[in-house]
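Enquirer: What follows is the residue order along each chain.
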Amino acid sequence: MDFALSEERRMLVETLERYLRDRYPIETRHAASASENGYSREVWEALAELGAVGAMFPADAGGFGGEGEDISLVFEELGKALTVEPFLANLLGGTALALAGGQQGLLDNVIAGVTTVTLAHGEPASRYALHHVETRAEGGRLTGRKAVVPNGDSADHIVVSARVSGDVDAPEGLGLYLVEAGAEGLSRRGYATVDGGRAAEITLENTPATPLGEPGQAGDLIERIVARGVLAASAEAVGLMQVCCDTTLEYLKTRKQFGRSIGGFQALQHRMVEMVMELEQTRSAVMLAAASLDAERADRERALSAAKNLAGRAGRMIAEEAIQLHGGIAMTWEYPLPHFAKRLVMIDHLFGDTDHHLERFRNFA
Amino acid sequence: MDFALSEERRMLVETLERYLRDRYPIETRHAASASENGYSREVWEALAELGAVGAMFPADAGGFGGEGEDISLVFEELGKALTVEPFLANLLGGTALALAGGQQGLLDNVIAGVTTVTLAHGEPASRYALHHVETRAEGGRLTGRKAVVPNGDSADHIVVSARVSGDVDAPEGLGLYLVEAGAEGLSRRGYATVDGGRAAEITLENTPATPLGEPGQAGDLIERIVARGVLAASAEAVGLMQVCCDTTLEYLKTRKQFGRSIGGFQALQHRMVEMVMELEQTRSAVMLAAASLDAERADRERALSAAKNLAGRAGRMIAEEAIQLHGGIAMTWEYPLPHFAKRLVMIDHLFGDTDHHLERFRNFA
Amino acid sequence: MQIRFSPEEEAFRAEVREWLGGALPPALAEKVKGAKRLTKADYELWHAKLHERGWLAPSWPEEWGGTGWTPAQKHIFEEECVRANAPRVVPFGITMLGPVLIKFGTEAQKAHYLPRILDGTDWWCQGYSEPGAGSDLASLKTRAVRDGDHYVVNGQKTWTTLGHHADWMFCLVRTDPQAAKPQEGISFLLIDMASPGVEVRPIITLDGEHEVNEVFLTDVRVPAGNLVGEENRGWTCAKYLLTHERTNIAGVSYSKSGLAHLKRLAAKQKSGGKPLAEDPLFAARMAQVEIDLTALEIFNLRLVSAAGKGQAPGAESSLLKIKGTEVRQEITDLLRRAIGPYAMPYVPEAFDEGYNAEPIGPEDAMPLAKGYFNMRKLSIYGGSNEIQKNIVSKQLLGL
Amino acid sequence: MQIRFSPEEEAFRAEVREWLGGALPPALAEKVKGAKRLTKADYELWHAKLHERGWLAPSWPEEWGGTGWTPAQKHIFEEECVRANAPRVVPFGITMLGPVLIKFGTEAQKAHYLPRILDGTDWWCQGYSEPGAGSDLASLKTRAVRDGDHYVVNGQKTWTTLGHHADWMFCLVRTDPQAAKPQEGISFLLIDMASPGVEVRPIITLDGEHEVNEVFLTDVRVPAGNLVGEENRGWTCAKYLLTHERTNIAGVSYSKSGLAHLKRLAAKQKSGGKPLAEDPLFAARMAQVEIDLTALEIFNLRLVSAAGKGQAPGAESSLLKIKGTEVRQEITDLLRRAIGPYAMPYVPEAFDEGYNAEPIGPEDAMPLAKGYFNMRKLSIYGGSNEIQKNIVSKQLLGL
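Protein chains in written order, with my numbering: chain A, 1 to 365; chain B, 1001 to 1365; chain C, 2001 to 2399; chain D, 3001 to 3399.
Incorrect hints may have been included.
Here are the simulated DSSO-like pairs of lysine-lysine, each with C-alpha atoms no more than 30 Å apart in a straight line [claimed, not checked]:
1) A:Lys256 to D:Lys3394
2) B:Lys1253 to A:Lys256
3) C:Lys2256 to C:Lys2031
Partial list, derived from the structure: chain C residues whose beta carbon lies under 7 Å from chain A [what the hints assert, rightly or not]:
4) Ile2204
5) Leu2206
6) Ala2369
Everything labelled a hint here was simulated from the structure, so no lab data went into it.
For each residue, glycine too, the CB sits at the ideal point set by N, CA and C.
Could you put together the complete structure from these sequences and hints?
Expert: Next up, the structure:
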């Protein structure tokens, strides 16, 4: 048992941390968020060059990481800088390419930061159901609607889940398909998201698509792709929580009221302690989830659901308490904290919320 | 809309309060609890004489109250004094007699404090299910087991629910029967309860019994009897919470630590405020429940379940916080507070706990 | 004890409801229901309707245009307005300044300002908070120095709600910096927003909206006649205002509207093939907050009833405020959870009049996450919940 | 990062488990599992078994009889002992006094007392708390006045766990009432419980049990040689003791046992015709506390791992203590809820050896409500959770 990082991972973390601290102040982030694609191509390419994209994928897929710990470390750093660049989209889309195989050239370009990919899996009626897919695949063409696709408005390539057979909720009968952004019959309605990112509603109408892997067999693949998404989102939440806690603590120390620093008020001190405790709990759960990413299914899914449940529950608590302990200033757009809080709460809407994962945790007992 | 008490009720409350304050100090209560029957016959008779028993029943049943407000006021006072006398048992048993009719003489004696009655309804496997009855009635004789019957070891008369027909959980096919304590085939295993009261496991083996009302039709009667029990228990919880809050507040004001009164610590102040807030919430819910006791079924059951849910939830919070804010002294038998806390928590085990009533509340929406 | 409203009170409710049915334009009610942005004209229209009916200022004495209602009637009236999705009455003139003028103003001030509040001539805003003095009003720094028959005011106010619409601002200013206690030496001043030296700058809140402002005051000359009450005794006015009319502080009506909306949404949303309303955990969360709200409503009515007997609501109204905001915030949390991934889209233009594009996600979903974040303010403003706990602790519990 | 135990550590676990299987009498394990009362002989038997195996004092240096284990091994050992339902080792001699003597005692003291702790000759108890000084040790009042080669001690100690079994008490006493700060002027003294003037009186706790005591000290003459460390510097010993060996403070193993018990009960209990374990709300509560416990276990291991690298656990162990007690208490709460009405029966004699009557209610139900109340102590003793929060706030957060 040893919780220390390997030398390589420590260096990756430090490199990322340094780049984001020096080159990605909140103004840069806001500008990237407000730009047409909702992120900075320049930052994306620079981070890819530093290896942050490659770290998300194993060596046999052209990356140099891909273990749970790699993913969680990268996303914790991304969270600490409130990064809007399309890491989650490319983790999901890229993992689909890597697990299904046969698209190494494209994946190499993703890892190099030359092109981008996303996963269009959720649908207007699926909510958090893992295998709810109404989109149909027939004769190599797809028809259906995909909902809240991360960076779905700007991705060059889109991995789309579609049903070959079976009921709308069946894990069987699902396929993954690669679709070009400009494909015939594909339309995208892009929009900003509450947390400063971008997403899209995607409509497919008899759209040509390339099958990834064996059509009809993708149910398990999808679970393993989403598993990486759950880990990434939970680890990002840890980074966000860390900033919320640090910022609030700093504020408690500097802000004066009734003639003294408000950090001297015991009621606020105890609440700050509880925030830090929940942060450490979530961090611990994410460590276990990272270590369990390649474990057998029940262990993996339980550990992931524990982490995501805590990310949602502690995330809400920390976001709300950070705003409350700040008071008015945290209600302003100008102050960075609320943007961290918004992303933190929105993570509860990715891949299943805290109740969804509570239920999933116990179903894998 | 007017929340003031009528003159008669104000007098009843004051009479009860004065008697219990002057004649029922905690030592008297403990002695009563430790005695063979687990209560003081003398106190019971005195309280009956003051009208506390009669207030639980309507005029047409020989009492002079019987509305929700009468019951809640009486039980709040009983809670404030941590009374162990068999009010709940006689409310349940007496209400059965009153609603089923035909036993006015016995009920008169109950109201006069001359004899006592209880309700044996719950069974070893029923948990909180309202109509789960396995005890069978055949040919005027009862066979079965009854669980945790309040004051079941000392009651002179026992109203027993038994099944004439139907599945074990069916509301249909139930009857209520009057059984004498010394009846043939009846055995009782009495024991103390965690909160200082007494209860019994009762076994009936072909025990002769007198039907109350129409056998097979008692499902609705049982719901209405238990409704009064729910109201009484919730109101008693309010009285107990009041004492827990008052005692803790007093302790915060007098106890010194680190050179100052601990009530000066803001973290404790805020927790004390939250306790008082939950007390007021529960008090409010009990007022609504009392006013809804004779309303149509859904309104009545929703209001009762809201009150009982809060009594359980706020009750636990207040019991635990009262002990915690006191520290060590509240862990001792000698100090009165923990006995209030124990009764408060045990009320969650009467007639359905906080989750049971949450579920019931929404089922009556 | 009679926990229900009397027949007379129910008749009054029917009268209010009937009037609202006729007076409130359905398009305006739809905007309120859909959490769209309200224009200045929207507020003014509703203000005028209420004024026309004589129901604009229930808390004023009848001689100045009040209604003579009991606290129970006021409660019913507010409940019905929220239920009908009427816009709120901007409180600064009607609820805040009016009672202060009536209590502390000169006859001339009352005769001049009160009718102009009622007929909508003057839109008022509040100049209390300052940067660095959120819940701690006594530490305010804006200075007013007497210069002949004027005060010269310098300083900065913040969180000025709808200040960009306002004609006038009532303002706390420091007139005696040497006063023994910080809350002494403060005065209550009325400032014409058109005065030279007044500059209003928007504050954009975390949800991207502009409702509050900063107001910069640079050598603003205010006639001495605009002083309300005595010089250096403004704290008295401020305290009076803070304790006035607090029985509706719990926002029970808003919570009831929110809960009804939540139930509709949860009945329509599907989770695992069944309505979300039947998901045991979500249903339990909804039931739990409904129970809390049920109890809170009775608690609120207890204080309304006490007010009807002339008992001023004391620190109990702080308890109402705390629990009321907790319940409202919990409902906004469940609303954002109810719609799952569709909490994410953020399309600011969708909240403007005339936006006609198809909504993204379920009907009514778009304002929900935004609303969740916006409603964080409930526990911060009007005296943060921490301040309310301090008040209860001190005044009610004697700690 | 390697979050799992190494093969060597797992081999050690297997060794411990195998030994426990042979050494722990099943009847004793059953008593522990059933929350029966343990006799003095029960404790002594287990103490002797551990001593015989050389595993009694893992936190002592090897030269004095320690095991030389890593923090991970100590952790595994404690985990396995709890899992096997071994009685706890009474901590006062082994965990508390031993390390203090080793750090601050004279060679003569070490040579005399340490072997007697190990072989069970001396049963120690702790004399820290006093009435009126729960979490505030610095305010203690028990006086020790030097009289020749003795101290004369007067005062009162409380919460003395198992003091009725003890031969000796280590004790904080005030030797200099004029000291500048209250925590100065305190000394650490060893008192023979057989001394004239020592009186032990039971404290019955809220659950009706006798485990703790008051100890009255009246003109007790204590040889000056029984002073540990320097006079007036007892605070140093006390602080050292309070910060020593705190990585197991979370009680994760107890929570795991409790949770396993809870799951067994909930699978057997019926609610509405189905196992309680399938009731959505109850199942959600169980899952929630299991998730918290899962995370806590990793948090605990992080600190164990850090301790293995020589990093002393600081205020983080206070976080462990807080969350650990919250989780344990939540489990006891669910245990009492699980059994419904059968939480009520209270039959004190059922916890004695030799009670053979049929249990009332479901198997194992009888100690549960009692246990819920008893476990309220977890957040009170050993530095209340409020004190722990103060420590974290000051030491970790710098507030």
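Enquirer: Now, for every hint given, state plainly whether the structure supports it.
Expert: Now for the hints, and whether the structure bears them out:
Under the criterion of a C-alpha separation no larger than 30 Å, the hint pairing Lys256 of chain A with Lys3394 of chain D is consistent with the structure, at around 18 Å. Between the alpha carbons of Lys1253 of chain B and Lys256 of chain A the distance comes to roughly 28 Å, so the proposed pair stays at or under 30 Å and holds. A C-alpha spacing of about 18 Å is found between Lys2256 of chain C and Lys2031 of chain C, which places the hinted pair at or below 30 Å, so the restraint holds. With 7 Å as the threshold, the beta carbon of Ile2204 of chain C comes within range of chain A, its nearest partner Cβ sitting at about 4 Å, so the hint holds.
Satisfaction of the interface hint for Leu2206 of chain C is found here, the shortest Cβ-Cβ separation to chain A being roughly 4 Å, below the 7 Å cut-off. Residue-level restraint check for Ala2369 of chain C holds (minimum Cβ-Cβ distance to chain A is 5 Å; threshold 7 Å).
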